[in-house]
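Colleague: In case you want the letters, here they are:
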Amino acid sequence: MKQVQSTMAGTVFNIIVQEGEEVTVGQTVMILESMKMEIPVEAETAGKIVKINAQIGDFVNEGDVLVTFE
Amino acid sequence: MQKVLIANRGEIARRIIKTCKKLNIETVAIYAEADADLPYVKEADSAFLIGPSQVQQSYLKVDDILALAKREGVDAIHPGYGLLSENSSFARKIEEAGMIFIGPDPQTIDTMGDKIGSRQTMKAAGVPVVPGTDDGIETLEEAIQEAKLIGYPIMLKASSGGGGIGMIRCDNEQALSQNFVSVKTRAKAYFGDDVVFLEKYISGGRHIEVQIFGDTHGNTVHLFERNCSVQRRNQKVIEESPSPNFPKPALERLLQAAVDAAKAVNYRNAGTVEFIVDEENQFYFLEMNTRLQVEHPVTEAVTGFDLVEWQLIVAKGELLPVINQADIQSKGHAIEFRIYAEDPKTFFPSPGNIKKLQWGSTEDIRIDAGYEEGNTVTPFYDPMIAKVIIQSETREEAIIKAQKFFSSVTIEGIKTNVPLFQEFLGAKAFQDGTYTTAVLPQWLEQQKEEIK
Numbered sequence: 001m002k003q004v005q006s007t008m009a010g011t012v013f014n015i016i017v018q019e020g021e022e023v024t025v026g027q028t029v030m031i032l033e034s035m036k037m038e039i040p041v042e043a044e045t046a047g048k049i050v051k052i053n054a055q056i057g058d059f060v061n062e063g064d065v066l067v068t069f070e
Numbered sequence: 001m002q003k004v005l006i007a008n009r010g011e012i013a014r015r016i017i018k019t020c021k022k023l024n025i026e027t028v029a030i031y032a033e034a035d036a037d038l039p040y041v042k043e044a045d046s047a048f049l050i051g052p053s054q055v056q057q058s059y060l061k062v063d064d065i066l067a068l069a070k071r072e073g074v075d076a077i078h079p080g081y082g083l084l085s086e087n088s089s090f091a092r093k094i095e096e097a098g099m100i101f102i103g104p105d106p107q108t109i110d111t112m113g114d115k116i117g118s119r120q121t122m123k124a125a126g127v128p129v130v131p132g133t134d135d136g137i138e139t140l141e142e143a144i145q146e147a148k149l150i151g152y153p154i155m156l157k158a159s160s161g162g163g164g165i166g167m168i169r170c171d172n173e174q175a176l177s178q179n180f181v182s183v184k185t186r187a188k189a190y191f192g193d194d195v196v197f198l199e200k201y202i203s204g205g206r207h208i209e210v211q212i213f214g215d216t217h218g219n220t221v222h223l224f225e226r227n228c229s230v231q232r233r234n235q236k237v238i239e240e241s242p243s244p245n246f247p248k249p250a251l252e253r254l255l256q257a258a259v260d261a262a263k264a265v266n267y268r269n270a271g272t273v274e275f276i277v278d279e280e281n282q283f284y285f286l287e288m289n290t291r292l293q294v295e296h297p298v299t300e301a302v303t304g305f306d307l308v309e310w311q312l313i314v315a316k317g318e319l320l321p322v323i324n325q326a327d328i329q330s331k332g333h334a335i336e337f338r339i340y341a342e343d344p345k346t347f348f349p350s351p352g353n354i355k356k357l358q359w360g361s362t363e364d365i366r367i368d369a370g371y372e373e374g375n376t377v378t379p380f381y382d383p384m385i386a387k388v389i390i391q392s393e394t395r396e397e398a399i400i401k402a403q404k405f406f407s408s409v410t411i412e413g414i415k416t417n418v419p420l421f422q423e424f425l426g427a428k429a430f431q432d433g434t435y436t437t438a439v440l441p442q443w444l445e446q447q448k449e450e451i452k
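For the record, the sequence lines run as chains A and B.
Letter by letter, the first sequence follows residues 1 to 70 in the UniProt record's numbering.
Letter by letter, the second sequence follows residues 1 to 452 in the UniProt record's numbering.
There may be inaccurate statements among the hints.
Unchecked claim - Straight-line Cα separation of at most 25 Å, DSS-like style, residue types lysine-lysine; simulated pairs:
hint	chain 1	residue 1	chain 2	residue 2
1	B	LYS61	A	LYS36
2	B	LYS70	B	LYS3
3	B	LYS345	B	LYS42
4	A	LYS36	B	LYS21
5	B	LYS22	A	LYS36
6	B	LYS3	B	LYS21
7	B	LYS42	B	LYS355
8	A	LYS36	B	LYS316
9	B	LYS428	B	LYS404
10	A	LYS36	B	LYS188
11	B	LYS428	B	LYS448
I should point out that these hints are in silico values taken from the structure, not numbers from a laboratory.
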């Protein structure tokens with residue numbers, strides 16, 4: 001099972017994708033807000049999204065799993 | 001005024017402590033968990049943990065800060081910049097509790113904090129504003145209609161926005177349609193208010209601002225200008241004074257307009273009037289920042305005054321230290337560089353432990369740093385870790401001095417924009433002084449192409 005982890009601590013500003021959606025490599029799946037900046041989180045691999053583990057407004061830490069792929 | 005609470009963190013808290021020490025004023029610092037080890041916490045006469053690391057649970061907790069201030073018996077509260085500095089309800093509560101808010105009248109914060117309202121106030125005072133809508137725009141249809149009248153490109157802006165957040169350039173109707181909802185959403189998320197408006201985009205624009213100061217006796221002066229056109233993500237990176245390539249007659253009109261703007265709102269304490277200046281040196285009011293700015297040391301360098309000291313004096317109800325405008329002179333040239341913990345190419349933040357921090361040859365160079373070697377830059381706050389202020393007789397000399405300085409800096413453990421300065425200082429676009437707000441993105445693009 002593949003995952004997208006948060007590269008830094010921050011607040012989930014926006015979630016671009018939905019569970020069940022197919023994404024391609026490099027596609028932005030989520031936008032974090034950290035240190036007064038919006039930071040896009042990109043999918044490193046292609047695949048179908050099984051689960052989104054965060055909600056808009058959640059605070060996430062570095063290494064937290066944000067999205068799980070098939 | 002014997003005891004001041006500083007409702008801020010990092011380098012600006014440290015900066016305020018420095019002046020308070022000079023004036024024998026006792027200081028009370030507040031800190032969130034993540035900031036416990038920072039120098040300002042140790043340098044204050046007393047420091048209190050105010051909450052967990054996130055600003056909403058610490059530095060923005062108005063009632064907790066007020067309760068602490070009362071308990072500690074402080075006479076005044078300095079808000080620094082950012083955080084609660086432009087929060088009028090915080091300012092009001094301080095005054096209602098019988099303490100002094102070191103800043104403007106809360107009503108002025110309200111008037112200038114609303115960008116649409118401040119545009120109207122300035123227009124009425126005869127200060128030129130950027131052509132745009134007089135009121136907030138409700139719908140996309142209305143925005144498209146108005147944009148046609150103004151002419152593209154336009155800037156779509158949040159009325160409550162600031163700090164480079166909540167604005168986007170739209171080159172055509174398609175871009176406006178694409179961005180309309182997202183700017184509204186962002187404005188709501190960041191500032192709690194989704195009113196937006198349109199302004200004409202001034203091409204070839206430079207961002208030039210004027211430091212103003214007022215007291216409670218009706219005196220208003222300016223302390224000259226700062227050119228802050230070197231920006232990334234609509235946020236300033238380098239600021240300098242005097243502004244290069246700005247003819248004296250235009251400068252004099254600009255300084256006068258800033259004083260008029262301040263007088264129009266009976267401004268007291270430190271403030272900055274920001275203008276966008278076009279290729280023909282025509283200038284337009286952008287916004288007024290009702291607080292001390294990050295880049296105030298540039299002005300301190302060329303005028304020789306301590307602006308925090310001025311703030312404290314004016315807050316006590318005393319006269320401005322200098323009332324006669326002619327007695328305020330600008331000497332030499334000063335440039336400030338903001339050192340950010342960020343990737344110098346992508347500009348994404350780079351938090352982490354500062355394993356090594358050696359500034360190198362710092363003789364005759366002012367460094368306002370919020371962090372020291374061994375401190376950790378945490379992801380909870382703005383990524384700025386220090387400001388470097390370089391002063392010389394001429395701009396050319398200041399640039400050479402800056403180049404020498406940056407080649408001697410070693411920072412390890414986090415990425416910073418020091419490598420960017422090392423390169424950019426040698427760029428012709430910066431050296432000739434004719435640059436606009438597009439200079440940094442354009443230069444980076446050019447670098448990429450040269451590598452290809």
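Colleague: Each of the hints needs a verdict: does it hold here or not?
Modeller: Now the hints, each set against the structure:
1. LYS61/B to LYS36/A: With a Cα-Cα distance of about 18 Å, the restraint between LYS61/B and LYS36/A holds, given a limit of 25 Å.
2. LYS70/B to LYS3/B: holds (11 Å)
3. LYS345/B to LYS42/B: Status violated; Cα separation ~34 Å.
4. LYS36/A to LYS21/B: violated (31 Å)
5. LYS22/B to LYS36/A: violated (33 Å)
6. LYS3/B to LYS21/B: holds (11 Å)
7. LYS42/B to LYS355/B: holds (20 Å)
8. LYS36/A to LYS316/B: violated (33 Å)
9. LYS428/B to LYS404/B: holds (17 Å)
10. LYS36/A to LYS188/B: holds (15 Å)
11. LYS428/B to LYS448/B: holds (16 Å)
The structure is inconsistent with the numbered hints 3, 4, 5 and 8, although it conforms to all the rest.
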